[in-house]
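Enquirer: One letter stands for each residue in the lines below.
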Amino acid sequence: AQKVTQAQTEISVVEKEDVTLDCVYETRDTTYYLFWYKQPPSGELVFLIRRNSFDEQNEISGRYSWNFQKSTSSFNFTITASQVVDSAVYFCALSSNDYKLSFGAGTTVTVRA
Amino acid sequence: DTAVSQTPKYLVTQMGNDKSIKCEQNLGHDTMYWYKQDSKKFLKIMFSYNNKELIINETVPNRFSPKSPDKAHLNLHINSLELGDSAVYFCASSRSPGKYEKLFFGSGTQLSVL
Chain A
141 AQKVTQAQTE ISVVEKEDVT LDCVYETRDT TYYLFWYKQP PSGELVFLIR RNSFDEQNEI
201 SGRYSWNFQK STSSFNFTIT ASQVVDSAVY FCALSSNDYK LSFGAGTTVT VRA
Chain B
114 DTAVSQTPKY LVTQMGNDKS IKCEQNLGHD TMYWYKQDSK KFLKIMFSYN NKELIINETV
174 PNRFSPKSPD KAHLNLHINS LELGDSAVYF CASSRSPGKY EKLFFGSGTQ LSVL
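Protein chains in written order, with our numbering: chain A, 141 to 253; chain B, 114 to 227.
None of the hints are false.
No more than 35 Å apart at the CA atoms, straight line, and that leaves these computed lysine-lysine pairs for DSBU-like:
{"no.": "1", "chain 1": "B", "residue 1": "165", "chain 2": "A", "residue 2": "143"}
{"no.": "2", "chain 1": "B", "residue 1": "212", "chain 2": "A", "residue 2": "210"}
{"no.": "3", "chain 1": "B", "residue 1": "132", "chain 2": "A", "residue 2": "178"}
{"no.": "4", "chain 1": "B", "residue 1": "154", "chain 2": "A", "residue 2": "210"}
{"no.": "5", "chain 1": "A", "residue 1": "178", "chain 2": "B", "residue 2": "184"}
{"no.": "6", "chain 1": "B", "residue 1": "180", "chain 2": "B", "residue 2": "157"}
{"no.": "7", "chain 1": "B", "residue 1": "132", "chain 2": "A", "residue 2": "240"}
{"no.": "8", "chain 1": "A", "residue 1": "143", "chain 2": "B", "residue 2": "153"}
{"no.": "9", "chain 1": "B", "residue 1": "122", "chain 2": "A", "residue 2": "178"}
{"no.": "10", "chain 1": "A", "residue 1": "143", "chain 2": "B", "residue 2": "157"}
{"no.": "11", "chain 1": "A", "residue 1": "240", "chain 2": "B", "residue 2": "212"}
{"no.": "12", "chain 1": "B", "residue 1": "184", "chain 2": "B", "residue 2": "153"}
{"no.": "13", "chain 1": "A", "residue 1": "178", "chain 2": "A", "residue 2": "156"}
{"no.": "14", "chain 1": "A", "residue 1": "156", "chain 2": "A", "residue 2": "210"}
{"no.": "15", "chain 1": "A", "residue 1": "178", "chain 2": "B", "residue 2": "153"}
{"no.": "16", "chain 1": "B", "residue 1": "180", "chain 2": "B", "residue 2": "135"}
{"no.": "17", "chain 1": "A", "residue 1": "156", "chain 2": "B", "residue 2": "157"}
{"no.": "18", "chain 1": "B", "residue 1": "153", "chain 2": "A", "residue 2": "240"}
{"no.": "19", "chain 1": "B", "residue 1": "122", "chain 2": "B", "residue 2": "157"}
{"no.": "20", "chain 1": "B", "residue 1": "154", "chain 2": "B", "residue 2": "122"}
{"no.": "21", "chain 1": "A", "residue 1": "143", "chain 2": "B", "residue 2": "122"}
{"no.": "22", "chain 1": "B", "residue 1": "135", "chain 2": "B", "residue 2": "157"}
{"no.": "23", "chain 1": "A", "residue 1": "143", "chain 2": "B", "residue 2": "180"}
Far from chain A, some chain B residues (derived; all Cβ distances over 10 Å):
{"no.": "24", "residue": "137"}
{"no.": "25", "residue": "139"}
{"no.": "26", "residue": "195"}
{"no.": "27", "residue": "197"}
To be clear, the hints were calculated from the coordinates, so they are not data collected in a lab.
Just so you know, even glycine gets a beta-carbon here, dropped at the ideal spot from N, CA and C.
Extracted from the complex, chain A is given alone in its bound form (with noise of 0.2 Å):
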């Protein structure tokens, strides 16, 4: 069986602040895809990073940066200088070899101007 933990159940912080993310995983299989996906307060989930189990190089992306590491079966994403459009739910997750994308709880991101 997979699971994703997202530990942080809420996060607020002030416009500029840095915020990390943290998402554990758990899954048997050798190769899987670690997923992030935002949900803004109007509803709609949105896709923005894939990783494959064999990937473990950091990317950046803008204000977003994505540590992977292997050895700790963690995939933390941080936010640099918030904004207050980066308020959103924010879902880690998992697809291993039984094709299903299993979500972490997803953590409540607030940024206050």
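Given chain A, put chain B in place with the hints provided.
Expert: Same frame as chain A, now just chain B:
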């Protein structure tokens, strides 16, 4: 044009009624899904179809019946609605059922059963 569109956006109904949610994607994808998001924001897969064939059928009451008339459409019919069915239902699509595929989601249908 919206890539994955689902209707209605809001659905308020009485217990015991039967209702349907429709979903259409114009991305040319082969695979479509239904996810349920509960009041705590937890997302769980319900069904997946690939080229009109059911490939994932999670432990869902048989009051829920998906139907895919073609690969661009996946509808969800719910019989004898119960209070516990209240949730947001998301339709999604992907190019294939592969585990590497990213999903494109609709904007959700908020179902409230009174």
